[in-house]
Amino acid sequence: MFRKPTKWSVMKTLILKDIDDLIIGSLGIVAFISFFVGGVVAIQTSLNISNPLIPKYLVGFATRQSIILEFAPTFISIIMAGKVGSFITSSIGTMRVTEQIDALEVMGINAINYLVFPKFIALTLYPFVISISMSLGILGGLAACVYGGYGTFEDYIEGVQNDFIPFHMAYAFIKTMVFAFILATIPSFYGYFMKGGALEVGKASTTSFVWTSVVVILVNYLITSLLLG
Amino acid sequence: MIEVNNLHKSFGEAHILKGITTSFEKGKTNLIIGQSGSGKTVFLKCLLGLFEYEEGSIAYDGKIFNEFSPDEKRDLRADIGMVFQGSALFDSMTIAENVMFPLRMFTKQSKSEMEDRVNFVLKRVNLDGAHKKMPSEASGGMQKRVAIARAIVNNPKYLFCDEPNSGLDPKTAIVIDNLIQEITDEYQMTTVINSHDMNSVMEIGEKIVFLKDGYKEWEGSKDTIFKTENEAVTNFVYSSELFKKVRKMYLEENQ
Ligand SMILES: Nc1ncnc2c1ncn2[C@@H]1O[C@H](COP(=O)(O)OP(=O)(O)OP(=O)(O)O)[C@@H](O)[C@H]1O
Ligand SMILES: [Mg+2]
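Line order of the protein sequences matches chains A and B.
Letter by letter, the first sequence follows residues 0 to 228 in numbering that gives the first Met the number 0.
Letter by letter, the second sequence follows residues 0 to 254 in numbering that gives the first Met the number 0.
Hint data in this document are derived by calculation from the structure and do not stem from the laboratory.
Be careful, since some hints might not be right.
Stated by the list, open to error - Here are the simulated lysine-lysine pairs, DSS-like style, with alpha carbons at most 25 Å apart:
| no. | chain 1 | residue 1 | chain 2 | residue 2 |
| --- | --- | --- | --- | --- |
| 1 | A | K82 | A | K11 |
| 2 | A | K16 | B | K131 |
| 3 | B | K211 | B | K221 |
| 4 | B | K25 | B | K221 |
| 5 | A | K11 | B | K131 |
| 6 | A | K11 | B | K110 |
Unchecked claim - So the derived list for chain A, only partly shown, Cβ under 7 Å to chain B, looks like this:
| no. | residue |
| --- | --- |
| 7 | V9 |
| 8 | T97 |
| 9 | E98 |
| 10 | Q99 |
| 11 | A102 |
| 12 | E104 |
| 13 | V105 |
| 14 | M106 |
| 15 | G107 |
The C-beta atom is built at its ideal place from N, Cα and C for all residues, glycine as well.
Could you put the whole structure together from the sequences, leaning on the hints where they help?
The structure is reproduced here in structure tokens:
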């Protein structure tokens, strides 16, 4: 009667479920998009280099830079704002409008802790998603370059290794962690504080996507001008 | 036993509950009835401690809720079961997991002890064999029964139901009503039910509180509600022709 509730066993299940929904469930789309966008970046770069004085390895170099600095951390986060963000908003929002959140509170459960904390923990694995995006993006560039006849394997690899600045990696992963935080908070906020019915859940997901993207873009600008500017 | 004394509740400017005093006895099915918007849900959520109120007090078995320590509040929560208007089952869990949830939160029972208890209550609400289903795969009536099973799994002293049979066909509604009444009697719980279903009123209304515009307009039981002269009550309860006839017959018979 006077014992503490065994919360950890419940929390563990929630965290595992959120890792599955938010991280594992996103790998497919992230891999697909990264590979093909990497390919397109490589093709575009080589098509724009008509001057024979520009070294051939520039294709690999430019692809690496755009993937690591912007595409993987920022644009994948925008896509995740659509996928993961609206999932979070609609799942928490549905719980709100169907009184599942009230049901938690009647049992004395802190609903914010119960719903949002596991999502934070799951999204600490977000850098893992972004690493996969970076690797596959660069690989996609290589494939498009070699198989499309835009350059040789050796030139591309030389470009990827050329003039590598470790701080760029740090910059990319600092951004990634900040975006993970944004992806967990803004969509949860819109879900938790929503009112109304099923129609409003849909609207809240859309609003949440818009604001998450806007905040990601603005914060990206801020971090970039602070760290690289 | 729950005693409510002069309860006032507002949302901003809107004064919703305007000084309600009443009590709900143990082992009885207590009904709160009233028109849509009369404040039934708000009243129930005050009883549950989900809403704060400006004035008045609510006492559980003689102890005033607002004077409880945090530990006492937590213990009280373990003694409360709630059936929400829309069932409010956790849609990411199976039916068995839903029913087990309060046990996982409030007790330190072993897995097999919990499973036994879940089997027992699911059988009690006639839902044998539905363990593995998801709530979305269950019919409205089944969901209500799961919600009741979840509410009673931890042997609560107090059971609250917000319109437990709205949206159900009359036959299923009566099954649910009778189930709640049986369980109340069997486990000697203090049960408070929001309802606007006249069948429930006549079937299980051992005590009836009629709310109107946030006031307690009338209170009585299913026996006295036939005889009352209170116009607001008769207008509400006997708004349908059928019930008008039933009342006339009853009054003629009992003259
Ligand atoms: N969270 C809230 N914030 C502001 N006003 C509220 C809130 N909840 C309820 N109200 C208002 O309180 C009044 C009573 O609502 P309540 O939900 O208690 O009615 P009800 O008797 O349960 O009706 P129904 O039979 O339709 O469920 C309504 O006017 C409603 O608009
Ligand atoms: Mg209501």
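Tested hints:
1. A:K82 x A:K11: 23 Å, holds
2. A:K16 x B:K131: 18 Å, holds
3. B:K211 x B:K221: Holds, because 18 Å separates the two Cα atoms, which is no more than 25 Å.
4. B:K25 x B:K221: Measuring from Cα to Cα gives roughly 17 Å; hence the hint holds.
5. A:K11 x B:K131: Roughly 21 Å between the alpha carbons, so the hint for K11 (chain A) and K131 (chain B) holds.
6. A:K11 x B:K110: 16 Å, holds
7. V9: 6 Å, holds
8. T97: Result: holds, 6 Å to nearest chain B Cβ.
9. E98: 4 Å, holds
10. Q99: 5 Å, holds
11. A102: Holds. Min distance 4 Å.
12. E104: Hint holds; E104 (chain A) Cβ to chain B Cβ min 6 Å, cut 7 Å.
13. V105: 5 Å, holds
14. M106: Hint on M106 (chain A): holds, closest Cβ of chain B at ~6 Å, below 7 Å.
15. G107: 4 Å, holds
Taken one by one, the earlier hints all hold for this structure without exception.
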